[in-house]
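Engineer: Got chain A; can you put chain B on it based on the hints?
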Amino acid sequence: MPELFRPVDYAVPAFIILIIAEMLWARSRAPEKYEPRDTLTSLALGTGSTVAGALTGALVFSLAMWMYENRLFDIGWVWWAWPLCFVLDDLAYYWAHRTGHRVRWFWASHVNHHSSQHYNLSTALRQTWTGFLAVSFIFRIPLALIGFHPAMLLFVGAFNLIYQFWIHTEAIGKFPRWFEYVMNTPSHHRVHHATNPRYLDRNYAGVFIIWDRMFGTFTEEVDSEKIRYGIVRQLGTFNLLWSVFHEWVGIFKDLWSAPWRHKLSYLVREPGWSHDGSRETSDMIRARWLEAQEAKAD
Amino acid sequence: MAELLQLAGSIVSILFIAWLARFWRLGGDVRIHSEAHARDLAEETLCGFNPVDIAIDKAGIAALLRDDQGRHLLIRRHGVQWAGRLLDRHSESRLDQNFLTIGTGEKTFGTITLNLGEQAPSWASGLRHLNNGPHKTGNTHA
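Residue numbers (the numbering used here), protein chains in the order written: chain A, 1 to 298; chain B, 1 to 142.
Here chain B stands alone, though its shape is the one from the complex:
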């Protein structure tokens, strides 16, 4: 009984703390504000990824980058941080005028729709021809 009460107390406490974090507006609204910023995020996501072409979503919540080997890296906002995936032939993309929707094939990573303006068709075409071979993406190590 004491253990159950302790567990209930823990659950109430964590919900209170999470509510407090929201109430105090912790977190924030991060955006990709420049190509240099996108380049930094790419390096953080995949050490050594050197983009030669960059497309940033109009709202700055995601970016698509291509390196000189033709690899495509998707970076998107995750809370107030960033997460990315190297796209491969398992990725899905759908073009709707200026909007490009990309799925990485990972259900938990989700899909992201980027407003790339006039650049959208050319990036969609690039993704369709994606055939990178094996990728160095399977590591979750810290």
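With the rest of the complex left out, here is chain A:
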């Protein structure tokens, strides 16, 4: 096994420099793009996420190693395994991310990344503390069962994470069409973070936007419509712990009060689902919005 460095360790200083550069841009162009308390919350979530990852990482790695020991193919460390692993890991990320939005159990962990009403580079570092609890890793480690070494998975996963940092910005418009067609870009990811009904639950890609095009979840950014960021029901607080745990608390309350036959649904159905129809899912919001648009057009 080759000696591998930890890409994120080298990327962190660049993250900090780029955040400061973007803040300078905001200072001269649009100061409202940053909010000091929001930035602090996002960065604290990022630091906490690193700690949570350090505490649970060994366990996840051990599980991946166990899968690797029972692998189907001996892929080893051949050169072509690296790009192939990167692409397959990105595909696995797409499904993990899509599930993270469509199944409340996983959403409870992933919502942390979306709860800022700002969209800047500090938002990129707004990561979950409860990914291990949500078992989100189950989507990406099965590649070890195919025959990719867990160290390789960790390595390409780190580059995936680093790629996704720079797309969290409003400072960049759109790239040439060929690039926007293949790669995830700031434009595509702004759509993903938007709460505008037309954009809800779209563009789940990590690095390659082609997955969204292939699986029917792609939506193009519309220049004429101002994007609103965050979650449908904005938190309205910068409280760090509430930002981390609010959806878990919501799940617990629903599990406690729901009739027995509906309890499981509050875990596995989409966020916003309720047994009495008193809430709205993103599909319901979009349908209502579409109806209103059609009524306006008539």
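Only true hints are included.
Simulated pairs of lysine to any residue, SDA-like, Cα-Cα distance not exceeding 20 Å:
1. Lys107/B <-> Arg89/B
2. Lys226/A <-> Ala83/B
3. Lys253/A <-> Lys107/B
4. Lys253/A <-> His275/A
5. Lys296/A <-> Gly48/B
6. Lys253/A <-> Glu106/B
7. Lys107/B <-> Val249/A
Pair ranges (Cβ atoms, derived):
8. Met1/B <-> Tyr181/A: 43 to 51 Å
9. Leu4/A <-> Met1/B: 17 to 25 Å
10. His90/B <-> Leu59/A: 39 to 47 Å
Derived list of chain B stretches under chain A, where covered just means 3 residues or more per stretch with a C-beta under 8 Å from a C-beta of chain A:
11. 9 to 17
12. 21 to 28
13. 41 to 53
14. 71 to 82
15. 108 to 118
Derived from the structure by calculation, the hints contain no laboratory data.
Virtual Cβ for every residue (Gly too), placed ideally from N, Cα, C.
Structural biologist: Showing chain B alone in chain A's frame:
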């Protein structure tokens, strides 16, 4: 030991960045400046909410809106953005002359005091009679 040093470095960095954001006066002072603005914010907060009556706080930091179904929506400033809640029978309201203090029942969302001038008593009365039934507010989805 190296991990602890890394963590300490991260904490120092984030505090520095947050300080820098404040030092450079990033953020700003947003206000609701008109009924049209309040209407836009209502649509952003709750898609399809069509207010028929609007009361804006004198300082522009919050607004109360009522739609034709009698639903009351509270919008208040959150940093340089806006956050809102559909009020229901769990909400609390307290009238003190021109000032109406509203609590949503959510501790983290807090309470907000609106200076509504002469309109305050009628809105307070409206809130007292609030009985909307089930609300579509439980969703936190992005």
